[in-house]
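Can you make the complete structure from the sequences, with help from the hints?
Number of protein chains: 2
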Amino acid sequence: MQSSLRLGVAGLGTVGASVVKLLARHADDLAIRCGRPIVLRAVCARDRTKDRGFSLAHVNWFQDPVKLAMSPDIDVFVELIGGASGAAEASVRAALDAGKHVVTANKALLARHGVELAALAEKRGISLNFEAAVAGGIPIIKTLREALAGNQVSRVYGILNGTCNYILTRMEREKLSFETCLKDAQALGYAETDPTFDIGGFDTAHKLALLTALAFGSQIDIDSIEIDGISRITLADIEAADELGYRIKLLGIAEMGPNGIEQRVHPTMVPKSSAIARIDGVLNAVAVDADYVGELILVGPGAGGNATASSVVSDIADVARGTALTNMMGRPAGNMQPYRRNATERLQSGYYVRLSVYDRPGALAAIVARLAERDISIESIVQRSRAPRADAPGMHARDVPQPVILISYETSERAMSEALDQIRADGHVSEPPQFLRIEQL
Amino acid sequence: MQSSLRLGVAGLGTVGASVVKLLARHADDLAIRCGRPIVLRAVCARDRTKDRGFSLAHVNWFQDPVKLAMSPDIDVFVELIGGASGAAEASVRAALDAGKHVVTANKALLARHGVELAALAEKRGISLNFEAAVAGGIPIIKTLREALAGNQVSRVYGILNGTCNYILTRMEREKLSFETCLKDAQALGYAETDPTFDIGGFDTAHKLALLTALAFGSQIDIDSIEIDGISRITLADIEAADELGYRIKLLGIAEMGPNGIEQRVHPTMVPKSSAIARIDGVLNAVAVDADYVGELILVGPGAGGNATASSVVSDIADVARGTALTNMMGRPAGNMQPYRRNATERLQSGYYVRLSVYDRPGALAAIVARLAERDISIESIVQRSRAPRADAPGMHARDVPQPVILISYETSERAMSEALDQIRADGHVSEPPQFLRIEQL
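Chains as they are written, first to last, in our numbering: chain U, 29 to 469; chain W, 29 to 469.
Don't read these hints as lab results, they were simulated from the structure. There may be inaccurate statements among the hints.
A pair holds if it fits inside one copy or across any two, identical chains being indistinguishable in the list.
Computed list of lysine-lysine pairs in DSBU-like fashion (alpha-carbon distance at most 35 Å, straight line) [to be verified]: (1) 203 <-> 95; (2) 211 <-> 300; (3) 49 <-> 151; (4) 49 <-> 78; (5) 300 <-> 203; (6) 78 <-> 211; (7) 151 <-> 95.
Here is the structure:
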């Protein structure tokens, strides 16, 4: 048996603690699989006195992650601090400079500095592994980087944020408002006190940026992602989607088009019959369309200490076995192609539109005419006259806006935006129109 | 760039031809990813003159796969001949003896000789890769062997035969008989002229044997698999399942129990709400339950030249990169534990039972009593009186058997078999009882 592989773990939060426990619980099996023991030599965390449910008596304690990263006592630096800069960035750079393999779950750091760090690792002939950075326990990095090496990918998309999927699933199942579901997600620990990163789509965008680069061999470009979150989704949208045979999911989508790559994160109407529509609650799913394999879908837990630890340890095991790639993105960093963006207005898609229309003669005709002016054809339209609200005595029916739901055939985002702006300016609607892309997946 | 990796491909059927085409089409990208060109040096097939849509002008032709396997001109022997013995076995052994890496799609060979061949490869420090042997384009071997290295697996199961799934899906969707769907599957090329290997569950069993060994670190033991195929499934079963909220799928299931491993292949009632119930047509799906990752499901094409070629080339790329494992099963061959079988009668499961009962007073009471004698509790029972058939004039209603559908609570296979034997012996039923396991997945 070879000499042991020595780890330094920086960050002992939920994931870090799970990694330490996993390594202890499965130490014997891992040593057999990898042909050598994997030993925890050093850790670094904010609070040394905190009870984490395991002893660190025989492990070196570091206050400074940069010092840990450079310690001659370790072979692999496991970065579980998080954040695009600060201690995480400094310690990962220090580890690579010192010739240590790095295993990280840090999507923000890699989305910002991935290409540069990949080049650094490559120059040293060491590994920079990041399976845990995208979709928790789902081995999508290994799948894209290794299992699909013989494929040209045309599209990768998925549900990459469990918090958003939990909220949308509960809204649909229990007919609750967005606000109620968000509060519950916070109470259950699924969402942060400031939930913007999750519900605004930014977490999904970080993960998508990495998947895009892996799928298409391009440089990582998070700034080219069009990002739209789920906070504008109402129960009325969820119910209309249901009636029309759709569900609403926050998707991250990257497609290779004739003019370049398109990356976008937005709430999407997906047909109920599609596989992605059936991913409920905190689960994640990633689908890949590629020329030889066809369509592949991976479903599993996208977060949580144990599932994420499974991915972290998979990366460590590859290093222990000596089979980890030294090309972080599955190809030389110098070969990652400059990102070429496919302009969004070129994208054609069907749209779902929900309008609150004043019930006046000619209003609907005027709306339809505005769409026709932009060559937008309507696949279906649903208008239901509601009785005036009880809380509005004496109010005339025509002053009470009525919901109108439209499904359009394929059109461009620009045409739809312009038509809706015009409809709003015409004064027939009581609030800004809601519209969502429809994807036929 | 390193020197090129030289391949010899034996077998140019659907998969072999797809592999040759893929290597040509993506040659440049593969060379970049792997850091070296992958070149086809030699092939071997039955018919040299056949037009396969590509030129073999610059490739050495071998008549004998064993000679190809030993050729000093190749580094990797790609075995796509098939079969547990004969030319496939002889050539793989010759290649390993000659120190060539082997990539194979041959489930039958590995299910029979896998442990021995793994030891042989290991001794030589070379790779024996077999991603394409299980579930076509789905990277389940890499996932179990590498991505889940930090997990203890408790169960692995899946839809591993596209032909059976195609037949069951069509029976359900179009209310057709088993025989009609099988004929269509044969006409479409999904099923062989002798379909026994697919519909009898044997193909699924070969694949399950490999998944079991990978999941549990055990030796491969295909002879311990309880195998039952789908030819006894009738449209009446499919319709009853549908009414009761289930679908019928041919599953391969391997579970770690307190007394050892249980492997079985059988048509299974699965709740419509489960992910596995929604896998339709020729698709495959593999689910893994493990202690850290939780549940992971991979869905994709389980057969077809291109999808299978994707897996073959993934194995070749790992060799080219120098990152292929030299432990075929993810651990030393000598460490694969002797297979310990969990006796089937210990398994508890709910059952679906369909009986054709003569409509005589007391018949149902007698049946229920026979089940109660074996401590089998009934969750639900459906009896529908049908009118006597028009083609049986003068026949009394009580002579026309009526369908009775039972769902039992958990019980043992032995208790259920014995009770049904007794019910048959009592003379209340007109044909052998149909019964299927229910799995809560």
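What label fits residue 151 with residue 95 when the C-alpha limit is 35 Å: within, between, both, or neither?
-> within (22 Å within a copy, 41 Å between copies)
Intra/inter-copy verdict for residue 78 and residue 211 if alpha-carbon distance must be at most 35 Å | For residue 78 and residue 211, the Cα distance is within 35 Å only inside one copy (28 Å; across copies 67 Å).
Quick one: residue 49 to residue 151, C-alpha cut-off 35 Å, is that within a copy, between copies, both, or neither?
-> Both, since 33 Å and 34 Å are each at most 35 Å.
At most 35 Å between C-alpha atoms: does residue 300 with residue 203 qualify within a copy, between copies, both, or neither?
-> Intra 17 Å, inter 23 Å, cutoff 35 Å: intra and inter.
Within, between, both or neither: residue 211, residue 300 at alpha-carbon 35 Å | both (27 Å within a copy, 31 Å between copies)
35 Å Cα threshold - placement of residue 78 relative to residue 49 = within (15 Å within a copy, 58 Å between copies)
Between residue 203 and residue 95, at a C-alpha cutoff of 35 Å, which is it: within one copy, between copies, both, or neither?
-> neither (52 Å within a copy, 68 Å between copies)
Going down the numbered hints, you'll see the structure goes against just number 1.
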